[in-house]
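Protein chains: 2
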Amino acid sequence: MKASQFFISTLKEAPADAEVVSHKLMLRAGLIKKLSAGIYNYMPLGLRVIRKVEAIVREEMNRAGAVELCMPVVQPAELWQETGRFDAMGPELLRIKDRHGRDYVVQPTSEEVVTDIARQELHSYKQLPKNFYQIQTKFRDERRPRFGLMRGREFVMKDAYSFDRDPAGAQASYQAMAQAYRRIFDRFGLRYRAVAADSGAIGGDLSEEFQVIAATGEDAIVYCPQSDYAANMEKAEALAPQGPRPAATQPRQKVPTPGKSTCAEVAELLGVPLANTVKSLVLATDRTNEAGDIAGTQIWLLLLRGDHDMNEVKVGKVPGLDQGFRFATQAEIEAHFGCKPGYLGPIGLQKPVKVVADREVALMADWICGANEEDHHLRGVNWARDLPEPDAVADLRNVVAGDRSPDGKGELAIERGIEVGHVFYLGTKYSRAMNATFLDENGKPRHFEMGCYGIGITRLPAAAIEQNHDERGIIWPDAIAPFTAVICPIGMERSEAVRAAAEKLYADLCAAGIDVILDDRGERPGAMFADWELIGVPHRIVLSERGLKEAQVEYQHRCDTAATKVALADILAHLQGRMGA
Amino acid sequence: MKASQFFISTLKEAPADAEVVSHKLMLRAGLIKKLSAGIYNYMPLGLRVIRKVEAIVREEMNRAGAVELCMPVVQPAELWQETGRFDAMGPELLRIKDRHGRDYVVQPTSEEVVTDIARQELHSYKQLPKNFYQIQTKFRDERRPRFGLMRGREFVMKDAYSFDRDPAGAQASYQAMAQAYRRIFDRFGLRYRAVAADSGAIGGDLSEEFQVIAATGEDAIVYCPQSDYAANMEKAEALAPQGPRPAATQPRQKVPTPGKSTCAEVAELLGVPLANTVKSLVLATDRTNEAGDIAGTQIWLLLLRGDHDMNEVKVGKVPGLDQGFRFATQAEIEAHFGCKPGYLGPIGLQKPVKVVADREVALMADWICGANEEDHHLRGVNWARDLPEPDAVADLRNVVAGDRSPDGKGELAIERGIEVGHVFYLGTKYSRAMNATFLDENGKPRHFEMGCYGIGITRLPAAAIEQNHDERGIIWPDAIAPFTAVICPIGMERSEAVRAAAEKLYADLCAAGIDVILDDRGERPGAMFADWELIGVPHRIVLSERGLKEAQVEYQHRCDTAATKVALADILAHLQGRMGA
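Top to bottom, those sequences are chains A and B. Each residue of the first sequence is one higher than the one before, starting from 5 at the first, in my numbering. Each residue of the second sequence is one higher than the one before, starting from 5 at the first, in my numbering.
Only chain A is shown next, with the shape it has when bound in the complex (with noise of 0.2 Å):
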């Protein structure tokens, strides 16, 4: 490609509303273009690497045997309606009434249609497993769409669905389309890690999150530096600690604190290390009739140690609380304890309350708790003796950095990354609420095993460059870079000799299938290395009238930080060197 022929528009500045690095990077190298809040134009250096990022997927899905179709963006609401996602989801999805007043929806996913064409293809055992493959553009309204191509309403999503007979079938296109995305990962260029995630009411262990690694990412993902147990924060169990509780050695006390509503604030009045302290949140579950009205409610109360905070998937497994849990009103709230939220507490309750303490707080001694009277605290609170023994105890909170790992090989650390990659185990969830049948060995109708395999082309490359950007501009790995190296040529316009020489380049590069951009713009040197720093480009060549008369040119890489010089008859094979590098 030729510049002069493509097009190149950066900006000195990125706009106001965009914050992160990425979405900052990716406005001003020109790779995107915003049309209206989460919607962008893919301008052509993006959609270069958007390209680059869906023929890798692309490759590894059909060698890993998945078939790839296409499923329309707007899609019949009926088929919504029979999984009940039409009314379930909220107003992420987004629904459109045709002319003639028919609902529709735009997809977000297309697992029901999928499903519909399963149920209509796939006849018997003999044609499974299968799996199928798009790469679409997608849409969810979010609320608040930002961060550029990382949380947009338009997106495009290479979504598989993959068909099987038995759930041993299933988990092996699970661990099939595993290890295809560990190879497509290993080959976009990327540190990232793939690690355990919370499977929701399928239960067991296949559902991983593919994670690029990033300080800014949006998760927190844990994992072991001395073995290979990787989770993200929702999934990562926090080991019950090692009993038995110490005995009671302080009094129970009450004791005032006025004005200090956070177990931080109390245990600083109190000079006690905040680990001592347990916060009390309060949970409320209803119980509705068949009319669907509120036939009654159960008010719980979580215990946490007050340096620990509340995982909400774990609290989504407690029985009784898996049904579904919202916080309770502060009217609620003061009706069983007889005090406002800031200084509440297990004791002296006016009202039956579920009591669920963390692992954690079931073995604690002599802590400090809200005394249910506001400005109050009781400290020396033991179990048994000052209190009944919870009614459950169970992993409640969230890891942190230093808890044993829960493979026993060592201590978890925890990073950030950002979620790009999704493979789960759906089980018949799908496959049930539209009767979707195959006949097996003996003719009996039975439920597809499926799973669901994501990634998020348009996403992949925000996170990219948070992972791999400098103050100078985006640093992309070869693979996914919209061109592989830049020819600078200097004075082009004004020299014959770097005109020819680098013409001859361009071309000897291109006949090596190199993709080279040659800069013909006749842009001054440092716009024009500007230009390339941000935008990224790995592999920099530069020819000039100086060096050329030593039958040299100068190369950097984007990470090099400086040039070097190398004789033009060698270039090409020093470029390949540093392209296998």
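Hints listed in this document are in silico derivations from the structure and should not be mistaken for laboratory results. It is possible that some hints are incorrect.
As the list makes no split between identical chains, a pair holds if one copy fits it or if it spans any two.
List of simulated lysine-lysine pairs, DSSO-like, C-alpha gap at most 30 Å [to be verified]:
(1) Lys-38 x Lys-433
(2) Lys-28 x Lys-16
(3) Lys-101 x Lys-38
(4) Lys-433 x Lys-37
(5) Lys-433 x Lys-448
(6) Lys-37 x Lys-101
(7) Lys-6 x Lys-130
(8) Lys-101 x Lys-16
(9) Lys-130 x Lys-433
(10) Lys-37 x Lys-258
(11) Lys-508 x Lys-130
(12) Lys-37 x Lys-508
(13) Lys-321 x Lys-358
(14) Lys-344 x Lys-258
Put chain B on the given structure of chain A with help from the hints.
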């Protein structure tokens, strides 16, 4: 590709709602699968065809210097309001409200968005010319979607938009695209014609349609076998007949024609050629006041020879009718003609009517028309003697086969075609509406001169099938076949020799870069051959144990009436020879 790892799903019968052959064959061959009215899944085989079409289009667009980008499917209404199309377009424009109640559309085309990009990105004449294109999903909410991908609601289009500094530049861009389109359509391997099309209000001759020739095509294409003249029916000019008008030879006479309300019926009744009759068409134009209310209505009488059809585009260019017209109501007709439709004519009007005669009619003598009296016609009618010369004379009719070619080089012929491409000079229509300007050499803002260029990516396979099929199925040209060649081994599961030879041949063809599929499904020969004939893979190679004993295979092109025995050692060369043919 091996069939066992792919997805083949053929049907014996097409669903009843498939009317045209391409729709039937695409469903039967498993290329597409209906999801909703006018909305189709592109199944694995169909997607392969679409991707090949896309690849050819992309290569030639790039070669022509156009730059690919991608504009969102969901576009904000604001831009569409700037050009007025948000209101002007009918229900074909699919309108959406997002969760915040803001208006969006699903793009049917992208003039607004690309013009918005240009006005932000193309600041200077130095950046021109520039041609942006995309290959992207579109949606048009057709009232009556039908014919499968021929007139679907969701479809894929390649749309390109050129930006130039002046009309001469725009014409050069237009010509470059017209040339690229010829290369693209040549590469598809289809018989097609580039025909002049009407360019609407812009004027000039810079509008061409690319029509794939097919007897079942919706469009009539006019061409001159003796020259390179070709136009669509809307555009093709009916030359003025060579005068002078013959002298009157008959008296005017009112004749009873009870129940004969069409020219054909009257000609038959009176025993005269249909070409002696004149048909009367009544139109109306409304004048509106500033409030938009109708302030006055003008009634028009169009006179065409009985054997000619009205051409609405030509009528829309008659001065006075060029701001829009409608057919007159029954009440308007009766008020002006004193008679019901069926017996209307230009003589004996009740109120003033503007009379426009087709060029042919203006030179007729002794003609027949309605008498403005039920069940009566006039014969022997003559201009000047029986009625004043018409208010206007114009080309109002469709040409017919045998008409003189407008280039004076022969007679016109007519065939049917399917419009798959269109190149169009837009002028400043959009750039003015959206105030999209660049700075010229003098620093003065000027509106972009634009062109737009479309190819129906998903319609093309349907058009290809309408042109190339037989009773057994589709016959693909090599360039866009889902697979170029198929290897059909007979008894592969029984014979190790067949299996080994098939696998080796498959590997050899793959290595030679041929897009081949090995049918390893274990189907019986009859079913296997029927599948591939239906699917339309152009080159078939059959391996059998008997043939292999003589080191022979059977080759058959989809168009051949019989198979040819070819030495196994020569089959690659033989295949390449037939592919080159």
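Quiz prompt | Non-conforming hints, listed in increasing numerical order | solution = Checked against the structure, the hints that fail are numbers 8, 10 and 12, while the rest are satisfied.
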